[in-house]
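Asker: Two chains, two separate frames, one set of hints: put the complex together.
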Amino acid sequence: MRPPANKVNAIYQRLLAHEADASGDFIELLLDPLIEELRRRFPSLPMPDLITDVVIDTLFTFVQSPTSYKMERGDLWKYLLMDAKGDLLNKWDKEQRRRAKEVPFNLVAHDRSDRNSNVVEEEVMQRLGMTILPEGVDAQVAVSHVYTAIPDPRDRQVLLLMYNGERRTSAFAAVLGIEHLPIEIQRQHVKQAKDRLRLRIKRYGRKIHELK
Amino acid sequence: MSSNKPSNAVARAVQRAVSHEFFLAGVLREYQQSNQLDDNALAELLGCQLNDLLRLALCRRPATGRNAFLQDIEHLAQRFHLHGNQLAIVIRQVDSLRALRQQLTSTRNAQQMPGILRAARDRDQESADSLEDFDD
Chain A
1 MRPPANKVNA IYQRLLAHEA DASGDFIELL LDPLIEELRR RFPSLPMPDL
51 ITDVVIDTLF TFVQSPTSYK MERGDLWKYL LMDAKGDLLN KWDKEQRRRA
101 KEVPFNLVAH DRSDRNSNVV EEEVMQRLGM TILPEGVDAQ VAVSHVYTAI
151 PDPRDRQVLL LMYNGERRTS AFAAVLGIEH LPIEIQRQHV KQAKDRLRLR
201 IKRYGRKIHE LK
Chain B
1 MSSNKPSNAV ARAVQRAVSH EFFLAGVLRE YQQSNQLDDN ALAELLGCQL
51 NDLLRLALCR RPATGRNAFL QDIEHLAQRF HLHGNQLAIV IRQVDSLRAL
101 RQQLTSTRNA QQMPGILRAA RDRDQESADS LEDFDD
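Sequence order for the protein chains is A and B.
So in the working numbering, the last spot in the first sequence is 212, and the numbers never skip.
So in the working numbering, the last spot in the second sequence is 136, and the numbers never skip.
Here chain B stands alone, though its shape is the one from the complex (with noise of 0.2 Å):
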């Protein structure tokens, strides 16, 4: 089933929509630039239309809950006759690579703290080596 292009201003809302955790286009957009695909290979991955990744990337994203995900998954599937369970591997990917790159900012911000603190002890300890020398 072919369908017609969207116009310039749906693709421009598309653009717009990547910085909005509501649509799906953001998640779309980091699972092509992690796995280096285009729009042909991500329609072709998914088994849609390629003027249907338009009209995808502007529908909600899947809620979180299990039931109420693959509910979105299947509604989602349905209309656009794409691979469903593609497409939830593709939702599912980009969830964990945000999980796992937030839990290394926090960690690596946990790492430097000590850091800091350590150039902090050594700063007063110069400072007190100092104040010796003068009573010197």
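Pulled out of the complex, with its shape left as it was, chain A reads as follows (with noise of 0.2 Å):
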């Protein structure tokens, strides 16, 4: 539960007082709240530990540069709170980046293109972070969102080489079925289903936050 802000203010002031103790009572006391409100926040993280190491690295920073905070740029809970979402978000992507990279999609293995089937368009949500789900956005609606704005399975799988890290032609010109064209013309086909799966990418996250 997030503490009140008479309190909250109250160690700040030791804390630019240089109170030695006044960092050990900071912690404590937001500690578990900004943790609380994250996961509230970010139910579908499989990763909890993640939460509450950006939460102490936020506090960290804090305490020991307790200046950066500026009392006309609005609540410190509100700022401490939107300063570890950030920081989350940032490591949660690399931590998604390095996954990738890690376990390459099987293309073979999920170019069954059965409606019945979740599996790609799991792969694909969370591949762009979209087990990062807003509050109240169920995980069933996204992927049907996923599959309304990407029906294609051949986009989903360029998709998926895009957010490996694929950067050679000869990857996606294989999904594409374009294996037979010239390279430049084969270069032309896969620039244009990159750009448009972007855009496209684009309008789905507008429409996933509109969800709420």
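Incorrect hints may appear among the rest.
Per the computed footprint, the stretches of chain B lying under chain A, defined by three or more beta-carbons under 8 Å from a beta-carbon of chain A, are [claimed, not checked]:
1) 36-45
2) 48-60
3) 72-82
Only part of the chain B face toward chain A is listed, based on derived beta-carbon distances under 7 Å [what the hints assert, rightly or not]:
4) F22
5) N85
6) A88
Don't read these hints as lab results, they were simulated from the structure.
Ideal Cβ positions, reconstructed from N, Cα and C, are used throughout, including at glycine.
Answerer: Next comes the structure, spelled out in structure tokens:
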């Protein structure tokens, strides 16, 4: 539960006054409530310790330089929450990229256009960071939105290659079935496919936040 | 006076604070390791509650200037009802150990340097000798 603002501000003043025990009090007062709030906002995050560590780092940084916060900018709780949230999203993004590189997506295994299975869609969502859904958005609903936004299974595979960091034209050409075309034409087709998907994902990202 | 147990997240924060110079956590850990003390023994030595040991670890390390150091020690002693003089001894001992370790490292590096130069000279001499063999 969010601690009372006057209590937070009182310890903040002690931090500014360099009281030796203020850092411990500040951390103890805010650590658990901030973790709780972020867990509420990101319930599907598969690494619970990530939130804890991000909040710890946020508070460690803050107690060491409390003057970085300017009261006129607004509520201290919100400031810390936004700071932690930003770091969390950055770290989660990095973690996903790392995982995507570690476990290459098996195109062959997933190359079944099985309408009853959400495996490919879930993979797409995971790679897109869509496991962090806005509050109140159901994962199944989000999956169906991916399906609507990217109905072609080949497009979904292209998207996965993009998010896996694949850069070879030949890899995309294989998925798009254009390997027989001259390389220059292949490049054009691949670029067009990527641009089209980027645009769709951009729109899709907006939609998912409108579901709130 | 008893104090409530800090949360698991706070305990985790203490573990992470060990590597931050800003906090007391690193000093306390180092003292424990060099004197083979567990948390109970350290709390007893300092005269504070076991639960407060974690809170103490998240406090700012007392300032280095003499007056500010004593002021911070006094502040922490009052707050956690601990023996301030003992806390000061703990910090000073760890500081001395660190200074000694640093001194030893720089001395070792300085001693290794002539060795490296000698090895380089020996190698040069060997090369020169082998060239002389060719001249023969």
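Asker: Confirm or reject each hint.
Answerer: Here's how the hints hold up against the structure:
1. 36-45: It is violated: at least three residues are needed, and the stretch 36-45 of chain B offers just 0 whose Cβ sits closer than 8 Å to chain A.
2. 48-60: Contact hint for the stretch 48-60 of chain B vs chain A: holds, 6 residues under 8 Å.
3. 72-82: holds (count 5)
4. F22: The hint holds - F22 of chain B has a Cβ within 7 Å of chain A, the shortest such distance being about 5 Å.
5. N85: Hint on N85 of chain B: violated, closest Cβ of chain A at ~16 Å, above 7 Å.
6. A88: violated, 13 Å
Checked against the numbered hints above, the structure breaks hints 1, 5, 6 and satisfies the rest.
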